[in-house]
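**Student:** Residues per chain are reported as follows:
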Amino acid sequence: MADKGLYTKRLDGRKNDELRPIKAEVGVIPNADGSALFAHGDTLAIAAVYGPKPLHPQHLQKPDRGIIRASYNMLPFSVTERARPGPSRRSKEISMVTENALSAVVNLKKFPGTVIDVEILILQANASTRCAGINAAAMALAHAGIEMKELVASVSIGKIDKTIVADITKAEEDYHEGEGPTDIPFTLTSRGNMITHLQLDGKIQTSRLMETYDAAIAACKKINEYQERALKGEKIDENVKKK
Amino acid sequence: MDTDEKNTQNTEVEQTSEASEADNLTKKERRLVVPGEVIVSANDHLPGDYTRNEDGEIIANRYGLAEIGKIVKVIPISGIYEPRRGNTVIGRVEDVMFSGWVIDVGGPYRAFLPLMECPRFVDKFNMTEFAAVGDAMNVKVWSVKKGSVDLSLKSRGLGKLEGGRIIKINPHKVPRVIGKEGSMINLIKDDTQTEITVGQNGYIWIKGSEEGEKKAEDAINLIERESASDGLTSKVEKFLGVK
Numbered sequence: 001m002a003d004k005g006l007y008t009k010r011l012d013g014r015k016n017d018e019l020r021p022i023k024a025e026v027g028v029i030p031n032a033d034g035s036a037l038f039a040h041g042d043t044l045a046i047a048a049v050y051g052p053k054p055l056h057p058q059h060l061q062k063p064d065r066g067i068i069r070a071s072y073n074m075l076p077f078s079v080t081e082r083a084r085p086g087p088s089r090r091s092k093e094i095s096m097v098t099e100n101a102l103s104a105v106v107n108l109k110k111f112p113g114t115v116i117d118v119e120i121l122i123l124q125a126n127a128s129t130r131c132a133g134i135n136a137a138a139m140a141l142a143h144a145g146i147e148m149k150e151l152v153a154s155v156s157i158g159k160i161d162k163t164i165v166a167d168i169t170k171a172e173e174d175y176h177e178g179e180g181p182t183d184i185p186f187t188l189t190s191r192g193n194m195i196t197h198l199q200l201d202g203k204i205q206t207s208r209l210m211e212t213y214d215a216a217i218a219a220c221k222k223i224n225e226y227q228e229r230a231l232k233g234e235k236i237d238e239n240v241k242k243k
Numbered sequence: 001m002d003t004d005e006k007n008t009q010n011t012e013v014e015q016t017s018e019a020s021e022a023d024n025l026t027k028k029e030r031r032l033v034v035p036g037e038v039i040v041s042a043n044d045h046l047p048g049d050y051t052r053n054e055d056g057e058i059i060a061n062r063y064g065l066a067e068i069g070k071i072v073k074v075i076p077i078s079g080i081y082e083p084r085r086g087n088t089v090i091g092r093v094e095d096v097m098f099s100g101w102v103i104d105v106g107g108p109y110r111a112f113l114p115l116m117e118c119p120r121f122v123d124k125f126n127m128t129e130f131a132a133v134g135d136a137m138n139v140k141v142w143s144v145k146k147g148s149v150d151l152s153l154k155s156r157g158l159g160k161l162e163g164g165r166i167i168k169i170n171p172h173k174v175p176r177v178i179g180k181e182g183s184m185i186n187l188i189k190d191d192t193q194t195e196i197t198v199g200q201n202g203y204i205w206i207k208g209s210e211e212g213e214k215k216a217e218d219a220i221n222l223i224e225r226e227s228a229s230d231g232l233t234s235k236v237e238k239f240l241g242v243k
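If you read the protein sequences in the order shown, they are chains A and B.
For the record, in the first sequence the residue sitting at position 55 is 55 according to the numbering used here, with numbers rising by one throughout.
For the record, in the second sequence the residue sitting at position 6 is 6 according to the numbering used here, with numbers rising by one throughout.
There could be a bad hint or two in this list.
[What the hints assert, rightly or not] With a cut-off of at most 27 Å between alpha-carbon atoms, the simulated DSS-like pairs for lysine-lysine come out as follows: (1) A:K235 x B:K235; (2) A:K149 x B:K173; (3) A:K62 x B:K160; (4) A:K149 x B:K70; (5) B:K145 x A:K149; (6) B:K160 x A:K53.
It should be emphasised that the hints constitute simulated quantities derived from the structure, not laboratory data.
Construct the complete structure from the given sequences, taking the supplied hints into account.
**Tutor:** Structure, rendered in structure tokens:
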């Protein structure tokens with residue numbers, strides 16, 4: 001019989017493939033061209049989209065296409081120890097991967113020389129903030145009437161000791177027994193399940209990587225359903241329902 | 001008395017138009033779609049605006065209302081203004097150049113009004129005399145080329161807008177603000193005793209008394225908010241206090 005490892009029961013009692021309670025809504029920022037809110041449990045992100053609009057300084061313009069300029073930031077009160085506001089090494093990295101994750105599905109050829117600004121703010125953090133940010137940004141882009149081939153959904157799959165789990169929390173990220181924690185954020189397109197973003201923090205056997213991809217497909221499919229429902233006017237808040 | 005009579009006439013026009021719109025809805029099915037969503041099978045339909053044919057299915061490329069006829073298209077409900085030749089728009093002067101004015105009309109690109117397109121004589125060395133930075137203008141889109149929009153003043157009713165205020169609404173809701181044959185906008189104009197010009201870019205110029213301008217602005221914002229609901233005319237009438 002295969003060794004199941006130490007982490008057989010999740011810290012918050014969820015099933016291995018179960019997501020945290022989702023919150024999703026569009027139109028939360030009336031002044032933006034498009035906006036959305038997305039939360040995985042305690043991780044809460046909002047995104048606002050402005051544009052396409054003229055891009056300055058001019059040397060950043062691309063003559064054959066527009067660009068996406070994502071900006072990810074955590075608010076000072078989003079974590080227990082005050083997060084210093086402004087760009088950091090971490091926030092610049094996440095802004096870049098978000099740009100790449102979204103650019104793959106957006107029709108940027110339509111307005112050459114322009115920019116689409118995507119502002120992402122984390123109001124509250126409990127791991128997977130980049131995933132919540134990308135999920136909110138994808139909804140905000142659609143809400144802003146930007147031409148897109150399809151939506152993207154993002155989830156962080158974890159390998160905690162030997163167990164593969166979906167949508168990990170901070171407590172799971174800090175589980176250091178056995179093989180320890182591995183965090184793999186995936187962003188998949190809604191129709192083709194194509195990967196537009198994949199990171200890996202920790203270590204994993206090559207033989208098990210495909211298992212995480214399958215888990216990501218299942219989780220992103222669920223997230224995509226929430227995104228669609230929210231875009232069609234529903235205000236989703238699963239925290240309220242369970243109380 | 002006179003205005004009362006006008007109002008009743010206008011509402012009749014609006015009611016009949018709403019009835020005919022309802023007929024259209026039953027004739028052609030419309031539903032809200034998100035990017036990447038399958039609208040119908042491509043066997044009996046052809047892809048139109050903002051849709052594509054992929055593996056025998058018609059897929060939405062944009063968030064909006066899908067209209068399913070012989071040709072399937074998505075009608076945008078959000079997003080920035082896309083300039084089209086012949087549109088009458090309202091803009092603000094952003095800069096005065098050697099041979100014309102740069103005008104912000106809200107699209108993805110800056111628009112340019114050449115000195116040559118000005119119908120009356122303007123001193124080349126004192127162009128601010130005609131229009132300075134910050135002035136509002138009613139202009140026509142003369143040509144839309146890749147990455148540039150040219151404007152003209154050579155048409156009836158175009159020119160500088162003196163005084164008043166400019167508000168911005170979602171450009172896709174402009175038809176609702178105007179109503180069938182201008183019924184809605186005339187209702188507001190008559191009640192608030194204001195002059196109103198609606199640009200197809202969603203910029204609206206209002207001039208009248210302080211209270212009249214405020215009331216007209218609130219009425220237009222009401223239309224923008226409630227544009228999807230039934231009996232819009234009666235809601236606006238109720239807000240204005242007509243009858």
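**Student:** Would you list, in rising numerical order, the hints stated earlier that this structure does not obey?
**Tutor:** 3
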